[in-house]
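*Asks:* Using this note's numbering, you'd call the opening residue of the sequence shown number 1 and step up by one each time.
In case anyone wonders, no lab produced these hints; they're calculated from the structure. Any given hint could turn out to be false.
[To be verified] Straight-line C-alpha distance at most 30 Å; calculated BS3-like pairs for lysine-lysine: (1) Lys15 to Lys58; (2) Lys84 to Lys31; (3) Lys2 to Lys84; (4) Lys66 to Lys50; (5) Lys50 to Lys36; (6) Lys15 to Lys2; (7) Lys73 to Lys58; (8) Lys36 to Lys2; (9) Lys73 to Lys31; (10) Lys58 to Lys31; (11) Lys58 to Lys84.
[Claimed, not checked] Here are the simulated distance ranges between beta carbons: (12) Asn24 to Leu3: 17 to 23 Å; (13) Arg29 to Lys58: 15 to 21 Å; (14) Leu23 to Gln89: 18 to 24 Å.
Note that CB positions come from ideal geometry on N, CA and C, so glycine has one too.
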Amino acid sequence: MKLPHPESTIIDDHKLTGYSLNLNHADGRHKARVFKSALNLDIDDVQFLKNALLEAVKTCNAIPDKINQYGQKIIDFPLNHQNKTAIIQSV
1 MKLPHPESTI IDDHKLTGYS LNLNHADGRH KARVFKSALN LDIDDVQFLK NALLEAVKTC
61 NAIPDKINQY GQKIIDFPLN HQNKTAIIQS V
């Protein structure tokens, strides 16, 4: 199932730079380490990651999962960066 109104998706840069790609964030550093080791992505790649997420919302199917504080619909998509590929999961 495609998400309705993907053009309305908003991704806060701070969520990526302050959490997901931040090696110094108490909770986010674990994700940041995985992004670095799996895809060689770091905080300087925020625009690349944001663009990939926005494209995934438009083109990938959403798979309903457990509801949490961030939402329910889940998007899994392959992300390629510097000759590396990983499956990314986003709410």
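*Asks:* Each hint needs a verdict: does it hold in this structure or not?
*Replies:* How the hints compare with the structure:
no.	hint	verdict
1	Lys15 to Lys58	holds, 20 Å
2	Lys84 to Lys31	holds, 16 Å
3	Lys2 to Lys84	holds, 26 Å
4	Lys66 to Lys50	holds, 24 Å
5	Lys50 to Lys36	holds, 15 Å
6	Lys15 to Lys2	holds, 23 Å
7	Lys73 to Lys58	holds, 13 Å
8	Lys36 to Lys2	holds, 29 Å
9	Lys73 to Lys31	holds, 20 Å
10	Lys58 to Lys31	holds, 23 Å
11	Lys58 to Lys84	holds, 22 Å
12	Asn24 to Leu3: 17 to 23 Å	violated, 32 Å
13	Arg29 to Lys58: 15 to 21 Å	violated, 30 Å
14	Leu23 to Gln89: 18 to 24 Å	holds, 20 Å
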